[in-house]
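Residue numbers (this note's numbering), protein chains in the order written: chain U, 1412 to 1540; chain Y, 1485 to 1682; chain E, 754 to 916.
None of these hints come from the bench; they were simulated from the model. Be aware that one or more of the hints could be misleading.
[What the hints assert, rightly or not] To list a few chain E residues with every Cβ distance to chain U over 12 angstroms, as calculated:
1) Leu765
2) Glu767
3) Gln797
4) Gly803
5) Leu822
6) Thr824
7) Glu828
8) Phe836
9) Pro864
10) Gly866
11) Leu870
12) Glu877
13) Glu908
[What the hints assert, rightly or not] Label pairs and their calculated CB-CB ranges:
14) Gly1642(Y) - Glu877(E): 15 to 23 angstroms
15) Ala1614(Y) - Thr906(E): 45 to 53 angstroms
16) Asp830(E) - Ala1476(U): 46 to 54 angstroms
17) Asp1522(U) - Ser852(E): 52 to 60 angstroms
18) Asn1510(U) - Asn1520(Y): 20 to 28 angstroms
19) Gly1642(Y) - His832(E): 58 to 66 angstroms
20) Leu909(E) - Glu1630(Y): 33 to 41 angstroms
21) Thr1479(U) - Glu1598(Y): 24 to 32 angstroms
22) Phe1508(U) - Glu1598(Y): 34 to 42 angstroms
23) Glu763(E) - Arg1535(U): 46 to 54 angstroms
24) His774(E) - Asn1520(Y): 49 to 57 angstroms
Computed from a prediction, not measured in an experiment: that's the story for all the values here. Each residue gets a CB set at the ideal place from its N, CA and C atoms; glycine is no exception.
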Amino acid sequence: MIEKKHQAGGDAPLSFVEILLEMNREGGFTRSVLATAEGLPIASAPVNSDSELASAMVTMLQQVAAETRNQLGLPPIDEITIRTEKKHHLICRPIKFDNELMILGVIVPPDHVYRRVTNKAIKRIRWEL
Amino acid sequence: MFINWKLREINLKIVYYGPSLSGKTTSLQYIHSRTNPERRGELISLKTREDRTLYFDYMQFQMGKISGLMPRFNIYTVPGQVYYRGTRKLVLKGVDGIVFVADSQVRRLDENVEAIQDLYEDLEGLGFVASEVPMILQCNKRDLPEIVPVPTIKEQLGMNGIQTFESIAVDGVGVLDSLKCIVNSVVIKARGNISSNP
Amino acid sequence: MTQGLQVPEELLDEIDYILNHLAEKARTDTIMLADISGQLISIQGIMEEGTPAIIAALAAGDVAAMAELSTRIGEKDPHGSFFHEGETKSIYLHNIVGSFILIVIFRTKTPIGLVRLFAKRAVEQLMPITKKFEEIMGPPKAYNPDEFSKGITQELEDTFPDE
Chain U
1412 MIEKKHQAGG
1422 DAPLSFVEIL
1432 LEMNREGGFT
1442 RSVLATAEGL
1452 PIASAPVNSD
1462 SELASAMVTM
1472 LQQVAAETRN
1482 QLGLPPIDEI
1492 TIRTEKKHHL
1502 ICRPIKFDNE
1512 LMILGVIVPP
1522 DHVYRRVTNK
1532 AIKRIRWEL
Chain Y
1485 MFINWKLREI
1495 NLKIVYYGPS
1505 LSGKTTSLQY
1515 IHSRTNPERR
1525 GELISLKTRE
1535 DRTLYFDYMQ
1545 FQMGKISGLM
1555 PRFNIYTVPG
1565 QVYYRGTRKL
1575 VLKGVDGIVF
1585 VADSQVRRLD
1595 ENVEAIQDLY
1605 EDLEGLGFVA
1615 SEVPMILQCN
1625 KRDLPEIVPV
1635 PTIKEQLGMN
1645 GIQTFESIAV
1655 DGVGVLDSLK
1665 CIVNSVVIKA
1675 RGNISSNP
Chain E
754 MTQGLQVPEE
764 LLDEIDYILN
774 HLAEKARTDT
784 IMLADISGQL
794 ISIQGIMEEG
804 TPAIIAALAA
814 GDVAAMAELS
824 TRIGEKDPHG
834 SFFHEGETKS
844 IYLHNIVGSF
854 ILIVIFRTKT
864 PIGLVRLFAK
874 RAVEQLMPIT
884 KKFEEIMGPP
894 KAYNPDEFSK
904 GITQELEDTF
914 PDE
């Protein structure tokens, strides 16, 4: 069982949590997480979600995707998508800034668009760094 | 030595070195008990389950401002046991003065010699010129039977030119004398360092 | 080899600024910079419990022990970071090029990634400044070395009063 200690909640700067909350609201997303390249949580929304597990998972996806890209000689990754049978999407978007890599993970319900809203959130995240 | 002009502090580091059970921690405990409570910090001891020093013992004391600078002394002991060599080396980083605590008992003479050799090796490994580091010899346990005469200890340790104090650390005899002596030596050395800088 | 440091105030101001920025961004309680021998250089933020000098000395011991541990398992350059997760407070230690230590104390509910993200950035900013530390030996100001060593005798008496 994962201990729910590092919840990206109360003590995270309002900016990151706020950006995620607003993105969720605007896009109608159920959950989102911002993680470091090592899979550590930076912020999550809603505040009480298990950010440790989610961060680790989106980072793992990102690493597999990066390795795949490498092996196949593809251009840089902009988005990794997992689609469930019930048409939910898990979207992972790498964010590069200076030497830093972060990953934004979002759960999108069926029939929702997400590109514009996640693009806007990424811009705001970069702005906060 | 570390001078912080913003806070107007001069930080100096003194290390008590010597073979295991020679009385380093006992000396530090005595020093702590005799330091003006307003001027001393807590005594920190990182011990093993057998009550032996693991990492180091540590205390800090400060003095009133002298010439606008407040001297702070950081006093460390190192673990004597051979297998804690790595720890000893890290405690010696940035050292300004050393009190070598020798065990005066006849049967411990070899261990003293080994410890002083380790000390010189550690200092060299850290880029020090051992002869330039202020050092004091504290011959401890002078109250016990079968002890080596001080001149013999100095001879065996190759510390003939080094200022030496006899001590009985459990009773506090000679402990403060050697501390005061190393403090003075460290300050004289620090003065030289500061003066020689542009 | 330089065995001592005299830190010019401008450098300390720059360090204070970086530590403050880190405290603000990562919402941490206390941030300290110490040198590898355990001497405290700067402290920012609040410290409800503990003595900064002792924290710095113990952190130096911890970092050195961790470096030794890393070397023993075959690490070539043991200058990384590590953190201790406590019940209410956690500690993040970053070994800066083997010469300095960044100490971050934060509440355990603060996301570790947040601390790590901004601590890493702070370390990048601190690197050139900490390098200057060993290059610049600031000249003493209003300081009389002779007076200093004379004064020490009286101060020793006051520090270790007769019983």
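Those earlier numbered hints the structure runs against, lowest number first: Result: hints 8, 9, 10, 11, 12, 14, 15, 16, 18, 19, 21, 22, 23, 24 break, sorted rising.
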